[in-house]
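S.K.: For reference, the chains in residue letters:
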Amino acid sequence: WDGMHHGLDKEQISRYSRQIILHSFGVQAQARLCRGSVLIIGAGGLGSPAALYLAAAGVGRLGIVDRDVVELSNIHRQVIHKEASVGVHKALSAAEACRALNSSILVETYLEGLKPDNAVELISEYDVIVDASDNAPTRYLISDACCVARRPLVSGAAIGTDGQLTVYCHGEDGPCYRCLFPESPAAGNCARCVDAGVLGVVPGVIGTLQALEAVKLLSGVGDTLSRRLLAIDCAAGRFHSVKLRAKSPACIACGTSPTITAATLPSYDYAAFTGQAAANDA
Amino acid sequence: WDGMHHGLDKEQISRYSRQIILHSFGVQAQARLCRGSVLIIGAGGLGSPAALYLAAAGVGRLGIVDRDVVELSNIHRQVIHKEASVGVHKALSAAEACRALNSSILVETYLEGLKPDNAVELISEYDVIVDASDNAPTRYLISDACCVARRPLVSGAAIGTDGQLTVYCHGEDGPCYRCLFPESPAAGNCARCVDAGVLGVVPGVIGTLQALEAVKLLSGVGDTLSRRLLAIDCAAGRFHSVKLRAKSPACIACGTSPTITAATLPSYDYAAFTGQAAANDA
Amino acid sequence: MELLFGNQKVVEADVPQQSGEQQLTVAAAMAWARDNLLTERPELFMKGSSVRPGVLVLVNDTDWELCGELEAAVADGDRVTFISTLHGG
Amino acid sequence: MELLFGNQKVVEADVPQQSGEQQLTVAAAMAWARDNLLTERPELFMKGSSVRPGVLVLVNDTDWELCGELEAAVADGDRVTFISTLHGG
Ligand SMILES: [Zn+2]
Ligand SMILES: [Zn+2]
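Residue numbers (the numbering used here), protein chains in the order written: chain A, 1 to 282; chain B, 1 to 282; chain C, 1 to 89; chain D, 1 to 89.
Think of the hints as simulated: they come from the structure by calculation, not from any bench.
All residues carry an ideal CB built from backbone N, CA and C; glycine is no exception.
Hints may contain errors.
To be verified - Label pairs and their in silico Cβ distance ranges:
#  : chain 1 : residue 1 : chain 2 : residue 2 : range
1  : C       : GLY68     : B       : THR256    : 55 to 61 Å
2  : D       : ASP35     : B       : HIS23     : 53 to 59 Å
3  : D       : ASP76     : A       : GLY275    : 49 to 55 Å
4  : D       : GLY48     : B       : ALA84     : 50 to 56 Å
5  : C       : ASP61     : A       : SER24     : 45 to 51 Å
6  : A       : GLU11     : D       : ALA75     : 54 to 60 Å
7  : B       : ASP195    : D       : SER50     : 25 to 31 Å
8  : D       : ALA27     : C       : ARG79     : 31 to 37 Å
9  : A       : ASP223    : B       : GLU11     : 43 to 49 Å
10 : B       : ASP195    : D       : GLU71     : 35 to 41 Å
One chain only, chain A, in its complex shape (with noise of 0.2 Å):
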């Protein structure tokens, strides 16, 4: 019994008693996901599971950014909200939820969401940051930003019955999501969900597997999915792993020269870069 020193009280013992008595995991590991934080960029169908989650196990500190409200047709899959929360923020009533599973611990909420001229500041105040945002001007801010702070990244994505899983930034030589993606696909080609459509469950596999991800990144047990990328295709029910490469020297977000930087990130023009207007509707 390794119970010395972990600073948990006796409530917190009991509640998370389960993954206590693991052996893998243990009361250290506890107590490092009780001492972290994490921000959830993105209060839709991959932030919903990815927030009850992580507040359910006992995360320190969530934040929720979004700046939408929630819409009746957001609920087939967005499950972290409720029929009486349409019309309400998302971020706020995604807050409400995890406070209402878990009372001990910090939530904080964003209304404004992700812009350039935040992200940095805002990334920087958490250990982890999980992207289950729904557009690529965002997705390459959340990375850009990532590496400027440091901070390893848990990136899912799902369209139709199909998803999509990995952590960047993350390690000696875990890519960005640039040094993967350096030039961004015609706007013609992003479908987003609310476009394109997507079987509610969906979403709902890759948040839970960002929730695990972000679990596995603040306790220290487990081995992550950097440099691995998952693609589920739930329709046909395969789960696909891949090999992904190191990151690239040339990157310009974290190579060895970054031209993307703490200072020049703020103005750099995502709209531009992706073709397409920042949303965050997730």
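Fit chains B, C and D with the ligands to the known structure of chain A by using the hints.
M.R.: Then chains B, C and D with the ligands, alone, in the frame of chain A:
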């Protein structure tokens, strides 16, 4: 647009619009969900996300079976319950959350748990069965009753950082649980979450995937995991899909001359067969 | 790449060896796929002689960047996969 | 089978061919694993000469029932996996 004769009203069309516009799903698949029913046995770690996602997806009638009350040590993985529900019956707490998500569906609760003398009748009232239980005798009972009632069974399990998922009793040649494991493991080999511990998000991943399989079975869209077992090692981030045997002609539950029938099942001694008393605190 | 291959996600194909070439490369396999498998809008798949931005090319489940990109050799039984980055959430 | 193999989940092993036998079988590989790899309580792994109830044996990700069970042939590079059925939830 195959929108004729689907029987969905205007609010349903709006609520499920993101699934309806999805080409591979569409309005007829949504209508089959709305007309369909799923019985979820266990409102714990697996049943929590399964119930949330099936309610959100619009399954017309959900049944929730459990006989325990919510405890604080459940909530790290049983995210359908709230702190305020500690002491409340799990099936009632879960049903309330489902109704708050979707008031247009019917949610029924069964507070006595599944027993040999009510299993076949209860299971016969639903189209698809989700095994979200947590012990060997209940797992054999559910599988047997699904054989007798001829209902497809989505079976999930989780312990520690490992999870498993498959579909039993489905199609021409799909096996049942007994086809795979005709003899029950010795009681000492059967770890339960209460005893061995479980990382909370692990049943979250499996339960969400159980909802996905139930959606595929009800809607007729996609390939289900009949004759395939998905084994997940969440610590390593490994997903393993294995090919299973066909149903056995000699199986006493689903074979050509079954000895477990509607007449004999109620008096079958599951505690003696498995060497364990049933519990259902999933 | 679902749309591009007529809703079939896994396409097994015998890519003919081109005369005069020693070894089939990913580049040649891609060009062949574009000309023989694509049912619509090939510009969503390739840009010039390489793949369009936002598509990850894999040879036997490994990022082609680790195998030599366009010049990566492919042999009988090898699997070349194209994965589009997704943005939805 | 985590516990049984000293918390290592994937064990790569060179199972020696027994003299006088034509072809290594799953049965022989299992007996070898029990005698050489198990760190504790072999009775959790085997029962008699077969596997204990509740364990699924796979040869290259396929249920051994489809390959001939104990008599299934295994060759160099083949992967034999043991999966315990789980009951938790
Ligand atoms: Zn980079
Ligand atoms: Zn059977």
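S.K.: Which of the listed hints are broken here?
M.R.: Going through the list in order, the structure violates hint 5 alone and respects the others.
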